[in-house]
Amino acid sequence: MIAVLTDFGVTDNYNGVVVATIKKLNPYANVEFITPQSKNFNVIAAAYQLYTSFKYFPRKTIFTVVVDPGVGTSRKAIIVKTKNYYFVGPDNGVLSWAANHDKIVEIRNFTNSNLYLSHSISNTFHGRDIFAVASAFLSLGLSMEIFGEKLTKIEKIPFQYSKEKNKHLGRVVFIDHFGNVATNIPFSVVNHISRVLIKDNEVKVKQVKSFGYAGRGELLVYENGYGFLEIGLREDSAANVLNVKEGDEICIEEYTQEDFSHFI
Amino acid sequence: MIAVLTDFGVTDNYNGVVVATIKKLNPYANVEFITPQSKNFNVIAAAYQLYTSFKYFPRKTIFTVVVDPGVGTSRKAIIVKTKNYYFVGPDNGVLSWAANHDKIVEIRNFTNSNLYLSHSISNTFHGRDIFAVASAFLSLGLSMEIFGEKLTKIEKIPFQYSKEKNKHLGRVVFIDHFGNVATNIPFSVVNHISRVLIKDNEVKVKQVKSFGYAGRGELLVYENGYGFLEIGLREDSAANVLNVKEGDEICIEEYTQEDFSHFI
Amino acid sequence: MIAVLTDFGVTDNYNGVVVATIKKLNPYANVEFITPQSKNFNVIAAAYQLYTSFKYFPRKTIFTVVVDPGVGTSRKAIIVKTKNYYFVGPDNGVLSWAANHDKIVEIRNFTNSNLYLSHSISNTFHGRDIFAVASAFLSLGLSMEIFGEKLTKIEKIPFQYSKEKNKHLGRVVFIDHFGNVATNIPFSVVNHISRVLIKDNEVKVKQVKSFGYAGRGELLVYENGYGFLEIGLREDSAANVLNVKEGDEICIEEYTQEDFSHFI
Numbered sequence: 001m002i003a004v005l006t007d008f009g010v011t012d013n014y015n016g017v018v019v020a021t022i023k024k025l026n027p028y029a030n031v032e033f034i035t036p037q038s039k040n041f042n043v044i045a046a047a048y049q050l051y052t053s054f055k056y057f058p059r060k061t062i063f064t065v066v067v068d069p070g071v072g073t074s075r076k077a078i079i080v081k082t083k084n085y086y087f088v089g090p091d092n093g094v095l096s097w098a099a100n101h102d103k104i105v106e107i108r109n110f111t112n113s114n115l116y117l118s119h120s121i122s123n124t125f126h127g128r129d130i131f132a133v134a135s136a137f138l139s140l141g142l143s144m145e146i147f148g149e150k151l152t153k154i155e156k157i158p159f160q161y162s163k164e165k166n167k168h169l170g171r172v173v174f175i176d177h178f179g180n181v182a183t184n185i186p187f188s189v190v191n192h193i194s195r196v197l198i199k200d201n202e203v204k205v206k207q208v209k210s211f212g213y214a215g216r217g218e219l220l221v222y223e224n225g226y227g228f229l230e231i232g233l234r235e236d237s238a239a240n241v242l243n244v245k246e247g248d249e250i251c252i253e254e255y256t257q258e259d260f261s262h263f264i
Numbered sequence: 001m002i003a004v005l006t007d008f009g010v011t012d013n014y015n016g017v018v019v020a021t022i023k024k025l026n027p028y029a030n031v032e033f034i035t036p037q038s039k040n041f042n043v044i045a046a047a048y049q050l051y052t053s054f055k056y057f058p059r060k061t062i063f064t065v066v067v068d069p070g071v072g073t074s075r076k077a078i079i080v081k082t083k084n085y086y087f088v089g090p091d092n093g094v095l096s097w098a099a100n101h102d103k104i105v106e107i108r109n110f111t112n113s114n115l116y117l118s119h120s121i122s123n124t125f126h127g128r129d130i131f132a133v134a135s136a137f138l139s140l141g142l143s144m145e146i147f148g149e150k151l152t153k154i155e156k157i158p159f160q161y162s163k164e165k166n167k168h169l170g171r172v173v174f175i176d177h178f179g180n181v182a183t184n185i186p187f188s189v190v191n192h193i194s195r196v197l198i199k200d201n202e203v204k205v206k207q208v209k210s211f212g213y214a215g216r217g218e219l220l221v222y223e224n225g226y227g228f229l230e231i232g233l234r235e236d237s238a239a240n241v242l243n244v245k246e247g248d249e250i251c252i253e254e255y256t257q258e259d260f261s262h263f264i
Numbered sequence: 001m002i003a004v005l006t007d008f009g010v011t012d013n014y015n016g017v018v019v020a021t022i023k024k025l026n027p028y029a030n031v032e033f034i035t036p037q038s039k040n041f042n043v044i045a046a047a048y049q050l051y052t053s054f055k056y057f058p059r060k061t062i063f064t065v066v067v068d069p070g071v072g073t074s075r076k077a078i079i080v081k082t083k084n085y086y087f088v089g090p091d092n093g094v095l096s097w098a099a100n101h102d103k104i105v106e107i108r109n110f111t112n113s114n115l116y117l118s119h120s121i122s123n124t125f126h127g128r129d130i131f132a133v134a135s136a137f138l139s140l141g142l143s144m145e146i147f148g149e150k151l152t153k154i155e156k157i158p159f160q161y162s163k164e165k166n167k168h169l170g171r172v173v174f175i176d177h178f179g180n181v182a183t184n185i186p187f188s189v190v191n192h193i194s195r196v197l198i199k200d201n202e203v204k205v206k207q208v209k210s211f212g213y214a215g216r217g218e219l220l221v222y223e224n225g226y227g228f229l230e231i232g233l234r235e236d237s238a239a240n241v242l243n244v245k246e247g248d249e250i251c252i253e254e255y256t257q258e259d260f261s262h263f264i
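Sequences listed follow chains A, B and C, in order.
Numbering-wise, the numbering used here puts 238 at position 238 of the first sequence, and it's gapless, one number per residue.
Numbering-wise, the numbering used here puts 17 at position 17 of the second sequence, and it's gapless, one number per residue.
Numbering-wise, the numbering used here puts 175 at position 175 of the third sequence, and it's gapless, one number per residue.
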């Protein structure tokens, strides 16, 4: 199985050509999309989408990721073998959260241009000419050393979550199409939420198990489907109300022992 | 074959994860989308999309429907066996038009949590943890009784079409991306249209066989691809011109014998 | 393999029903999308998308194209066999650039209504009732003569590229979802660009190999992934800045010998 994540979008023919190129080399490849329309040029959003989805795919799935604002420059095209999967994409950090989480076994710099798509090595469509081809060849059983020399590390995107006493400092990492605001704060480490600050402004939220438990118009905080703290609004967009975007700071303050002491 | 209908959208990774979860359990499942981007939280629109499409799929297709504003609350997760198909989804009425039309044979309340996705029973992602899993297990041949106790009925959405003398009273049930306005009035029961009223305002329309026969700017009434009366505008959005949304009332008045009597 | 290109969009169930109809007739068909959401009623954009993508698909792929503003009128439904592929769609020119490029071998007018989808010959959903069915039957090995009488030619869309001395006169043929402006001017015939004129206004552009080499805010001219001259803007929409749409004129002037003469 080959799982594709791109920012090519559903209105253009780029995803169709990526699938075609894979199928022309390996007609038996089973190609599915993580998403055909990740946010344009947004490497953080794509890294989060890959990170939160990869483990649901069958073992040995080959992930083909093309969110690549530096296409055609000197950034490398890499193939990463991890404990359970293969990852193919530009070396701009987009693969780093997922690949590191699954434990990297081997990295190759895909420089063997004999394998590139023959009729045209475009400077602007490496998704087709390089990444689709690498994925198809991997699915056919080619071994890692054929693609190019070994690398010792890949580019990383900093995760930027930290805990200081009763404060969890994180970032907005993804806003989904409902307008739910996902953060990189693991929900399991948060105990009793006292205050939520976004860009230093306090936000009134209600902690719930799921949307169904809330009235309309209330900002909600809950564990999202991938184990992260998320802020949503029932049948509406929390991102619009909060006016946030990927990368914005968020701070969750927990109640301390002291806050409770006068009850005891 | 498993046919998926969700409001998850093409920009998020939720549909990708649903497909992954199915394929991880059954690598031979053939997963296709009715639509990956039904209208957010719009149970009527999704019910119409399922109702109008199900019969075009091969017999024994398993329909997996996730338009589920009540996710995580006490609404049931159900599996419905009909004469020719299986339907999996929340018991919020979204399955009712299609399942009832094909004749319900058996209903199960999917409460056997041993079958739920092991690593995380999320409160917000039942599409993955419950509905995808149920569909995959059905496609592997598991029998209905394993999923949970029998139910005698499912939640229904009222269809709200009626005929009174020469008046057909119905609703707007779907506005497509072209802006065509589909109603729940079966075209075959309408004879000679005299007047069209939307929210009590008369609308000037021209009855045609298809768009190609009309000039630009004329509101058209015709039989849509699913046998229902629809109002469209050639290469433009009728919904914008009429300012309607799903659920709005529509009344079609036919000419009566009397209207014609002075000609005879 | 059946490759589908429609303007039905991802929010409606029309594409799902096309896939269902194909799979009901041929469960072993492998259906992929070139794009599920080409621009509404835009025959030029769809012709360009087909033309630039078809050769990446495996030989014998059956292309099913439904961008069909004249649906239900007298325009023909045609099946075109070319050197390497089959093309199915309305005879409105949308197939012409691709089919002619691959060399047409045989054309049939699909008038054998015994093969049309039985339960409903809709006037508005020929994508399902005629084109999906034709593609499924072709994939099952039915021979061309069964579909209808031979035709000697298909409708063409004029390509409208020409060269006059040092001027290349062409058109905007596609604006992708990033806002990049593709023209029908083959990049390989252009040597040293002196001036770019869009609708007679000179546009300042920088010639680059790919986006990564440019700063933000600079209009760029480069060879796109399909060999055509394209104008883009790094991580932004060139189409918005230039205020162009498909069909608009573009002129590329090259330096002449004279322009260089005083250097020699």
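Don't read these hints as lab results, they were simulated from the structure.
Take the hints with a grain of salt, since some may be wrong.
Copies of one chain are not kept apart here, so a pair can be met inside one copy or by any two copies together.
Claimed, not checked - Here are the simulated DSBU-like pairs of lysine-lysine, each with C-alpha atoms no more than 35 Å apart in a straight line:
1) Lys153 <-> Lys24
2) Lys199 <-> Lys60
3) Lys167 <-> Lys24
4) Lys165 <-> Lys81
5) Lys209 <-> Lys24
Note that this is a predicted model, so its numbers are computed, not measured.
Inset, instruction - Could you check the structure against the hints above and give me the numbers of any it violates, in ascending order? - result: 2, 3, 4
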